[in-house]
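Colleague: Work out the full structure: start from the sequences and follow the hints.
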Amino acid sequence: MRWLPYFILAYLVLGLQIGLRGHVTIGGAWPNLVMLAAIFIGINAPRDAALLGCFGLGLLHDLVTQQPLGVFAITYGLLAMFTVSTQQLVYRAHPLTHVSLALVGGLLYGVIALLHGWIRGPGSSPMMLFYSALYTALLAPLVLGVLGRMRRAFAFQPARRKLRL
Amino acid sequence: MILRLRFAAPRRSRGICRPAQQCKKTRMSYLRFNHVFFALMGLAFVSAFVLPVRAGDRVRAQVQNLFAPVSWPVNRLAGWVHSRIAGQPLRDDGSPRQPRSSAELLIENQRLRIQVASLSGQLQRIAVLESERARLGEVRAFCTPFSVIGADAGPRQSLLIAGSSLDGLRSEMPVVYTGGIVGRIVSASVGGARVLLITDRQFKPITAAFARFSSGPDGSPQFQRLSAELVLVEGAGDGTMLIRNIPQKKIEEVGIRTDDWVVLSDRDWPIVLDGYRLGRVEKITPSKSPGFAEIRVVPDQSLMTLREVMVMNRDKG
Chain A
1 MRWLPYFILA YLVLGLQIGL RGHVTIGGAW PNLVMLAAIF IGINAPRDAA LLGCFGLGLL
61 HDLVTQQPLG VFAITYGLLA MFTVSTQQLV YRAHPLTHVS LALVGGLLYG VIALLHGWIR
121 GPGSSPMMLF YSALYTALLA PLVLGVLGRM RRAFAFQPAR RKLRL
Chain B
166 MILRLRFAAP RRSRGICRPA QQCKKTRMSY LRFNHVFFAL MGLAFVSAFV LPVRAGDRVR
226 AQVQNLFAPV SWPVNRLAGW VHSRIAGQPL RDDGSPRQPR SSAELLIENQ RLRIQVASLS
286 GQLQRIAVLE SERARLGEVR AFCTPFSVIG ADAGPRQSLL IAGSSLDGLR SEMPVVYTGG
346 IVGRIVSASV GGARVLLITD RQFKPITAAF ARFSSGPDGS PQFQRLSAEL VLVEGAGDGT
406 MLIRNIPQKK IEEVGIRTDD WVVLSDRDWP IVLDGYRLGR VEKITPSKSP GFAEIRVVPD
466 QSLMTLREVM VMNRDKG
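So the sequences go chain by chain: A and B. So for the first sequence, the working numbering puts the first residue at 1; every next one is plus one. So for the second sequence, the working numbering puts the first residue at 166; every next one is plus one.
Hints listed in this document are in silico derivations from the structure and should not be mistaken for laboratory results. Please read these numbers as outputs of a predicted model, since none were measured by experiment. Ideal Cβ positions, reconstructed from N, Cα and C, are used throughout, including at glycine. Careful, some of the hints might be misleading.
Stated by the list, open to error - If you want a taste of the chain B side facing chain A, the calculated C-beta under 8 Å gives, among others:
(1) ALA204
(2) GLY221
(3) VAL224
(4) VAL228
(5) ARG276
(6) LEU277
(7) ASP317
(8) LEU325
(9) ALA327
(10) SER330
(11) GLY333
(12) GLY420
What the hints assert, rightly or not - Every beta carbon over 12 Å from chain B, so not counted as near; a handful from chain A, in silico:
(13) THR65
(14) THR86
(15) TYR91
What the hints assert, rightly or not - Restraint ranges, calculated between C-beta atoms of paired labels, are given here:
(16) ILE272(B) with LEU138(A): 22 to 30 Å
(17) SER100(A) with ALA204(B): 24 to 32 Å
(18) ARG149(A) with GLN227(B): 30 to 38 Å
(19) ALA155(A) with LYS369(B): 47 to 55 Å
Modeller: In structure tokens:
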């Protein structure tokens with residue numbers, strides 16, 4: 001995987017998340033565009049790059065929120081582990097794959113956020129976390145569809161060597 | 166079959182695949198990578214669940230404005246689209262149930278101007294007399310406006326503003342807007358500044374009072390506090406605030422109802438902000454404890470969508 005496009009993607013998606021977050025909230029539920037970028041990396045990149053890339057995105061996301069460092073990093077790290085394990089089983093360009101992975105990611109974040117709220121406080125509303133997961137999942141086919149068109153720039157699969165016989 | 170053998174043999178012999186060596190190396194590298202990855206996850210877990218919440222603030226403060234080149238134009242554009250679609254709800258606080266006509270409002274405006282002028286004159290006198298009250302005056306005079314770059318990228322209620330410690334911003338500085346209180350600066354460094362909103366769950370609860378505009382004997386609007394007792398307002402985390410466990414009797418006695426104002430009355434805040442609006446009563450619902458109620462307070466507009474805020478960073482107006 002090429003890391004320069006990865007950092008450009010991370011920068012753009014975090015900028016978009018910061019800029020849009022206040023305006024696209026519906027009844028307290030908000031979409032997580034950074035998670036969708038993490039899913040994009042997770043379903044396309046090789047195992048090591050996917051795990052590291054998603055963890056890195058989580059860490060960067062943690063830096064631009066007011067919650068403690070590490071919550072998004074753990075979430076995206078676990079999500080990457082799940083996504084990488086399903087790489088061979090799913091059709092990575094199918095919208096249903098995008099929706100289900102985004103829903104899993106959103107729910108995973110919800111569980112971690114609830115756990116964090118329960119241990120450290122203040123707690124979050126479970127329903128709001130669920131609606132946020134649903135909102136992110138609904139946006140997934142659109143965002144991942146656009147990102148899918150840029151797959152080549154990331155060179156997820158190395159060029160095959162030509163055999164000289 | 167022969168062809169296949171011929172094809173396969175050179176691959177092995179030329180060492181393109183090198184199964185034994187490469188597998189060994191790969192396994193080893195996976196082992197190392199797994200160690201590193203799980204160590205990073207462990208660190209993240211410790212940071213999130215064990216270390217103090219503010220441990221990462223120093224690092225965070227340095228990168229806050231890093232994303233401004235993307236987030237600022239996106240925020241402006243989204244704000245413009247949002248205002249076009251949703252619009253700014255207009256509400257007549259003087260008569261929320263039956264909005265008055267523009268003529269009536271103009272008359273009221275004229276009366277208010279006179280009243281403001283009179284009050285300003287009185288305040289100026291008091292300011293001369295008492296050093297403590299020398300800081301009284303129009304709030305705007307103590308503030309510097311800053312553009313909002315964007316909102317919190319996560320679940321928290323905070324705003325990133327286009328200012329830094331170089332602009333004289335410091336932690337704990339109050340932040341207001343034309344409609345009321347916004348919050349306080351929670352971190353400010355060379356890299357940017359962040360405002361924690363009063364609607365965030367981790368915002369320190371504020372003591373406040375209920376107030377209402379009512380018509381005086383001559384028909385002029387009079388601002389009156391409904392009760393001398395103060396209540397504790399805390400952020401609900403969803404863009405609103407809550408006043409929990411307020412006795413039902415007290416609500417009936419004082420006559421609190423929807424659209425009443427909730428105004429600041431807190432010694433931790435500058436005296437000049439005393440009486441500044443936090444929001445209005447949106448809903449009064451019975452609490453889980455019998456005999457008590459819960460009051461939901463909403464700011465004048467969604468604080469997460471503000472485009473400009475004013476930071477009280479000046480000592481004198």
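Colleague: Which numbered conditions among the earlier hints are violated in the structure presented, ordered from lowest to highest?
Modeller: Of the numbered hints given earlier, those the structure breaks are 1, 5, 6, 9, 10, 11, 12, 13, 16, listed in rising order.
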